[in-house]
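A.B. asks: Residue strings, one per chain:
There are 2 protein chains.
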Amino acid sequence: MNADSSIKPPPIAKYGDSLAQVSTPALLIELDAFEHNIARMAEMARQHGVALRPHAKAHKSSVIAQKQMAAGAIGICCQKLSEAYPFVAAGISDIYISNEFVGPAKVAMAIELARHIKLSVCVDHIAQIDALGTAASAAGVMITVLVEVDIGQARCGVARMEGLAMLVDGIARHPALHFGGLQAFHGGIQHLATWDLRRTSAAASADKVAAYAQFLAARGIACPVITGSGTGTAEFDAASGVFTEIQPGSYVFMDAHYAANEWSGSAMPRHSLFIAATIMSTAKDDIAVCDVGLKGVAVDSGLPLISPGQSDDLKFDRANDEHGILKIIDHAGAVGRDRLGEQVLLIPGHCDPTANLYNQYVCIRNGCVEDIWNIEARGLSQ
Amino acid sequence: MNADSSIKPPPIAKYGDSLAQVSTPALLIELDAFEHNIARMAEMARQHGVALRPHAKAHKSSVIAQKQMAAGAIGICCQKLSEAYPFVAAGISDIYISNEFVGPAKVAMAIELARHIKLSVCVDHIAQIDALGTAASAAGVMITVLVEVDIGQARCGVARMEGLAMLVDGIARHPALHFGGLQAFHGGIQHLATWDLRRTSAAASADKVAAYAQFLAARGIACPVITGSGTGTAEFDAASGVFTEIQPGSYVFMDAHYAANEWSGSAMPRHSLFIAATIMSTAKDDIAVCDVGLKGVAVDSGLPLISPGQSDDLKFDRANDEHGILKIIDHAGAVGRDRLGEQVLLIPGHCDPTANLYNQYVCIRNGCVEDIWNIEARGLSQ
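Going line by line, the protein sequences match chains A and B. First residue of the first sequence: 1, per the UniProt record's numbering; consecutive thereafter. First residue of the second sequence: 1, per the UniProt record's numbering; consecutive thereafter.
Isolated chain A, as found in the complex:
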């Protein structure tokens, strides 16, 4: 036995490996579906004449951001300041932080980012504006500031016209800040089950955004950008005539939560994100136990689904830390079949927090590993 401080786990996959050779748990991207999703959303935004600024919180990977930019995105959204750094390092030069932040450590990050890229940020409180404006002046950087308005989410964002006016005026008092427009996101309507309910709810939210913008217009204040939307309402928001920019994220992957929605036409993204699991215990007759548990898949929006076609007689029943318990639902068909070592593909319930568990995507085409992409912003929640 030799101590060896440089010992490291082997790579989970190598270029050209077959899918069966990938060490599990592994987070897979099915490239054909992924490329379809990237192209279709870009085309949809183009058709409606809105800017596409995909949300990088979904994937946290600079390679994916670069592919989105190559397809026509004007920049990306991040949800946290620290999350933006790997994208800046990879050359993404226009980033919008679509979430409020507070405190000296966060303001310092914003200033540093603004030295390197075209930075825009989001506020809903005068103290956020004053802290940022003072620091930006001192540093000699310009930052574009959008005001978040509440269009039904009841989370962040001002909900009253006077509040909006007060913040826009506050931005105007800081020479280093520039009023960029409105942030308006309603997460609650992204997963409404029927297409028609999403359509009418998105229309109602767009009306609310329009009212904020009209209030400002009546005061002689233009909103260069009205940004928001998500994967579930992008088709409506892009066509609304209100939003100038959409920021969907999950569309690159699709997940079981979004797939449970009713979709219409070609808007539904294809499943491109999967988790490869391996059955590693078959000691019980009615279950198979796989190696993907709570540390391999986020369960906040439901348990993962079994990818159709391969292991249809299994159902993901419950998750412990590193165990996934798969119920054998067609037990008659499985009699006498020992499934130890069988690879099972899972569709995660919620893609964003699942991607945040992994360090790499293993990219698959035609059943082989074509590429491996780092998830550089994983864990960067500050």
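Derived from the structure by calculation, the hints contain no laboratory data.
A pair counts as met if it fits within one copy or between any two copies, since identical chains are not told apart.
Taking lysine to aspartate or glutamate pairs in the DMTMM-like style, the calculated list, with each CA pair at most 20 angstroms apart, reads:
1. K284 with D338
2. K8 with E376
3. K14 with E112
4. K315 with D300
5. K8 with E112
6. K67 with E30
7. K118 with D4
8. K67 with D32
Fit chain B to the known structure of chain A by using the hints.
C.D. replies: Relative to chain A, chain B alone:
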């Protein structure tokens, strides 16, 4: 603006910082409580004459493993093979993989680990044994193999005496494998609400383990090690006279799920793990929105609690990806108080998958940052 491929987020804390200066979300260890927990469990194991092999899946940090070893642990458990690597690199020389694995990539890892440390592993299927035994012979390494027996969890592990005998015989056929004894864990009884129910359930499970051992003894086969237990039943298992080794993990941290148990005497670990959050939006009257959401705390075993004493009028109500919505439950007391920027300490519902979200622990004593420890095995689930 200057492109800079080396730009990186600043550190979330520096030595000597006050807690208020830590950039949130941050995963905190309160060192006094943590050291108490380490010492108390070690002392309990010593008193009962059982070996302590703490489960490193809870913390995934080599510094913590070293502190557990210094307090008297004989080695550590890991739940996955890749998880063991950072501990090997840090000099931990006795690691037990307390979970089944299958496939050539996993067997290759086991062989590599066995070249560096005293490795023991866990099986419940003859195919696992044969693959490992063949590879170990070819590589010229010895591996200790324990057989998992089911004591009520109904997950992995053989449930019949003939199955156990078949596996023990299988191990004996491989000259490079050594039968180490029994793995016996019942996760389901760790969180039984009352102390007495845990005590009687642990006793029933210990009886089951004893029956397996007696069956082997009657065949002339000794079990050098009978290992299992967890934070909820360690006090009973250590005193059972059946287990020779206990493998609790969460005791170093405690979490809200374990704290909901009824405890007795000095067995209850103290809360040492917290998440520092910051209120970053106060645009609504009845809620405060903090910067810790699904990417900053695991919610599989319940939402986080507000740490008592500081923000008692808040209740963690729901989590989105990067937002934690805190309900203001004592609204009358909060009138006129703008809480933007207030730091809130959360107690995670489930420590293991929460620690797996972070890259570092920020260690606090007397309100200041005393140390920062890497979570090197984070994400290593292969």
